[in-house]
Amino acid sequence: MRHFVVVGILVIVMAVLTYVGLDSAGLMPVEASAQSVSIDWLWNWQIVAISFLFALIVVPMAYSMVIFRRRKGDITDAEHVEGNTTLEITWTVIPLFIVLTFAYMGAYSLGETRRVDPNAMVIKVKAQQFTWTFEYPEYGGFFSNELHLPVDRQVVLKMESSDVIHSFWVPEFRVKQDVVPGRVTEYRITPTLIGSYKVRCAEICGTSHSYMENAIIVEDESVFTAWASEQETIMLASQTPESLGKILTVKNGCVGCHSIDGTQLTAPTWFGLYGSDVPLADGTTVVADDAYLAESILNSTAKLVEGFSPTTMPAYTLTDVEVANLIAYIKTLK
Amino acid sequence: MKKFFSTALAHGLFWQLIGILVGAGLVTGIRATMGLSVTAKFFFTEPAWVLGGFFGVLFFIAGSGAVSDWYKWARGIDTPEHHEDHHTGWEKYLSVSLDHKVIGIQYTVTALVLLSLGGLFALIFRTELAQSQLQFLTVEMQLFGQNGPQLYNTLMSLHGMIMIVSILLGVAGIMNYVVPLLLGAQDMAFPRLNAFSYWIAVPAAVLLVMSLILGGFDTGWTGYPPLSARAPVGMQMFFLGVFTAGWSSILGALNVIVTVVRMRAKGMTAMRMPILVWASVATSIIALTATQLIGLSFQLVMFQRLFGMGFFDPAKGGNPVLFQHLFWFYSHPAVYVFVLPGLGVISELLPVFARKPLFGYRWIAMSSLGIALVGFIVWAHHMFTSGMNEYLRVPFMYSTLLVAIPTGVKFFSWVATIWKGKISYETPMLFVIGAIVVFLMGGLTGPPNATVSTDLHLHDTYFIVGHFHDTIFGGFVFPFFAALYYWFPKATGRRMNETLGKIHFWLMTPSFFVMTLGMMRIGLLGMRRRIADYDPALGFDNTHLVLTIAGFLIAISVCVFMYNFFNSIKNGEKAEGNVWNSRSPEWQVPSPMPAHNYDQPFEVVGEPYDYGLPGSKYVEFIAPSKNTHK
Amino acid sequence: MSHTQDKSSALGQGVVIFVYLAVLTILEYFVAVTFSAVSILVVVAVIKLALVMYYYMHIYKLNEESDSDTHSYSYKTGSNRLGLWLFLLSDAFVFAGLLTVRINLLGLTRPHLNQLLGLGVTAILLISSFFMNRGETLMANGDKKGFINNAIITFVLGLGFLLGVVAVEWPTAASEGLTPGSGAAGAVFYMMTGMHAFHVFTGLIFLLVVINNARKDVYSAEKHWGIEAAAVYWHFVDLVWIIFYPALYLIGKLLA
Ligand code: HEA
Ligand code: HEA
Ligand code: CUA
Ligand SMILES: [Cu+2]
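Residue numbers (this note's numbering), protein chains in the order written: chain R, 1 to 334; chain D, 1001 to 1630; chain P, 2001 to 2256.
These are computed hints drawn from the structure, not numbers from a lab. Just so you know, even glycine gets a beta-carbon here, dropped at the ideal spot from N, CA and C. Be aware that a few hints might be false.
[Said to hold, decoys possible] Now the stretches of chain P that chain D is said to cover, found in silico as 3 or more residues with beta-carbon under 8 Å:
{"id": "1", "segment": "2083-2089"}
{"id": "2", "segment": "2107-2116"}
{"id": "3", "segment": "2161-2167"}
{"id": "4", "segment": "2176-2183"}
{"id": "5", "segment": "2186-2196"}
When you get a sec, could you build the whole thing from the sequences and use the hints?
What follows is the structure in structure tokens.
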């Protein structure tokens, strides 16, 4: 009996210590969305349960290991105890009860994260190797590689992928949703904390999966509106081939692979590309003139750049005018 | 060296090479006559490599001689029932043997080799992860037609799959060596099938390694399309390799089930079987059936790549999520394939070192079956964020959480078993204790993943990576080491060095805790899985460095083990008797185990774990005179 | 044998079961072309499955008491039987997986296929199962010659089925636009028939082996596990087709 009392006390002490330790360790990133509240609430209860169950097993084990260790020279066996049906039933039924409670809580908190606000703003998301493109239908449908969101307003992202599976995840928002080619998946979020975050692609999608991160800016409603209107105006005012080309590079996600400032990403940089000598995989070099760029855009494998894989760049269907605009834009990058 | 070239392994590998050339040449020839391209980046075209890989497997198995008896049977020639091994010494283990003990050791050693290889890959990519930014796997570097980040992906994916194959072989190793001994059988039910199952795993491993050289692949071990439909040729070798390893697993499982059903000693009723036998049956039920689905899912992607069949291609009316259902229908139950034998080893060894009966034998036996069966209906918990039908998520959450109950029964029964025991701490027992605590950590981090709403955050982060390294180490790696230390004297007649064993344990366990707890922590804070590089702004650099160091310490401890293992075979302290004072039948006869197991059959006369019951006996050998052998 | 039957009643039973199966198949076909009720098709398929498993594959033999001497032929045959059935169980998961793929991708629609050809090859396979059963029964009664003759007929019919699918049905479908690369329907059709055809092919090899061995007098009335195994495997291949035929040819609305 004495053993049970001691172990009981130790279990409680250990459980409390574990919980307090974990709780103060700052396990989760900041809570920046309405949806994360119910997730964190559940997570907290899970930590409670884990601390308790861990202590419940480990403490009596450690206790037995110390107290009931075999003394030197003792070669006898221990007492013959085969089992105890009541005990077995107890430790079947109580966990069953715990588990059902948690499943219920899980369903409840899932429901909370899915709560629909009919006034939610719709944003279209296109995921592709290795960038995200956001389209704002409420503002004339401009494109952006940064996701700006007004604080405290629900948005629903309608997400599509043009190549492989990606996954939209913002750790501070908690929720995660895959983006699957051939279907539209939905992601509902209500940002509650002004700040900048990053959407991090959480499903492996190829070589540069690690770098598939785009900025998210949660800002005051008024700041957001100002930004969005400005983008809308820029788009409407864009008439020159260069600026139209720039928009196309955002829309088609070219800048997910090609940098415009000389940094090396998945693909050759466009900075200073025009007019330069491009070394090809077959050992020859070619001058990056208009014809070469046009060919590379429509059929990038025709002349493979040295050191790059032919399967990386997707095939695009672009009109002649669009290609010309893209080339015009690339020419400006020096 | 000359001896080596006469072994089945050498023959097999030679013929595999020929097979690859023949298969690839065949396709290339056909393509040439059809006017199609005949060469590609990796010399042969993809279809050529695929047929080559496949032929390689067939040639290996024919060339190694593992099917020569079947070939004789097919021609109506009878073969003697008992095969004596032609070789002695180490060549025996590189040659085709029909003895389950030899095959068990072959499996085990192959598993250790793959563990080292997979571990080596882990060390390479862990080194890259020690700091943010790319240090040596850079975008500019090129190896095997891959740049740094691609190579990271290949190594990471291969690490996952090679480790999993290593586990499957390790499981088969333990089951092969121990189950017939525990049952009192002379051998497995189908010795030739047994040899086949082992030998087919060797070309499978070769194919997996080939995938690294042929451009690699960047999908993770899960191989989700559409990405896997676009990856380099290495993907196909990976698929073929896993497919072939699957055969091994399926046929091995079949053999175990038939052996248990048909080959038990007299008096060994279901409820008197050693608990590890129950665990092996539960594992084998899963491996026998579910494995087909991973084979099928990979096969479909293979065909999609080869013939443009649009199973998972949305542009052709296919469905990428369907692949995930097929894949996880196996790959979830598979995790129980890994752990059930491990948990069986824990249950088998605890009574020996605590000198007390296994608490609640029946409950533990039934919980293994329970875990196996419930394990079949939980697969979609890997797909909570996949975009599958939403109404499926809650039912799968419930079913998944139910697995906690039979697993809990085991834990509580283990605690009750050592409670008031007389516990001693030889190396096997240390690993058993380590296994329980580590598996507990892994197990308890399962329910948060299983609960849909928290999984929306946890999915595809290092939290999951921490979860499964815990479950796999606790449920398989620790028990595997325990089993090796424990049955080593049975196989060799010598024991492994205790001091080195303790160093192994005390180096590995704390490092391991640091590694997985650190993984879980950064995972919660936003570290995604399967990334070659992470945002320095996240501030994970220090933790990652610690993880890498911990990973290396684990590797060092494994090296200590390897030294101990191979050195003790020749130089270990002699141990021919009942080293652990166990009641189990295999310890009642001298070690190493005689060639045909028990020279006298035994009869089961009592319960397996009645420690502390004076005068009780589990088995009684039938005196030769009373031997009813016809 | 616990289910001992004299030769003529065993052969008679084979005929009766064959007639049942044939009638059910015709029924199935007419249900499909007239009012296409999925539930009826499922019920018919299940009945056919049960008939084949019990009367042709003798699943009850798994339960047979065997000799207690573990080295005897009959004890080993018992183990072999269990092993074979476990293998079939495992294999069945592949086909179940393919069926799942078909249901997931095509739902209640089906590709455009040549109905007469489908019915034709189905009939050929069914008849081959009848002769296989007949051959095995004869062998169990010591009639080696009878076995060989029936097994050869089975082999020829099986080959006919294989060629019917691979050399006639595939080109026909392809010429009407259903190719492996044409879409989900094509992919499913070629994969399902292809995997099945592969099993037919292995079954044919197995048949060749036992026919050859029978000629060499390897088998006797008491000891002919090889023949039993070949027969059970052959019927299993038939069993799969019993499901795949309606799943591909009969169920659902015709795809445009
Ligand atoms: C050996 C392997 C192993 C084992 C045993 C387990 C055991 C469990 N796993 Fe794990 N798991 C993996 C290996 C394993 N897992 C792997 C490899 C992956 C990643 C795959 C990939 O994507 O690459 C994974 C991923 C994974 C996921 C998907 C996560 C994601 O990607 O989003 C989930 C979700 O439900 C999950 C849940 C569970 C649960 C509930 C258990 C349960 O079986 C645990 C049960 C045990 C306990 C709960 C502890 C003991 C019980 C008690 C003390 C009783 C009382 C307890 C309660 C009342 C809760 N696992
Ligand atoms: C058996 C299963 C198993 C084992 C034992 C391990 C062991 C280790 N694992 Fe791994 N791991 C997986 C199964 C396993 N892992 C799986 C399934 C994945 C998922 C893959 C995916 O996402 O697709 C994964 C993923 C994974 C990741 C995540 C990668 C990512 O998402 O980007 C990491 C990161 O740290 C990691 C690290 C380690 C480390 C440091 C070890 C260490 O314990 C390794 C210790 C080293 C050794 C055991 C080798 C020691 C021996 C030698 C050094 C001798 C060498 C000599 C010769 C070759 C002759 N593993
Ligand atoms: Cu997109 Cu990872
Ligand atoms: Cu799982």
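- Query: In ascending order, which of the hints set out earlier in this document are inconsistent with the structure?
  - Reply: 2 and 3
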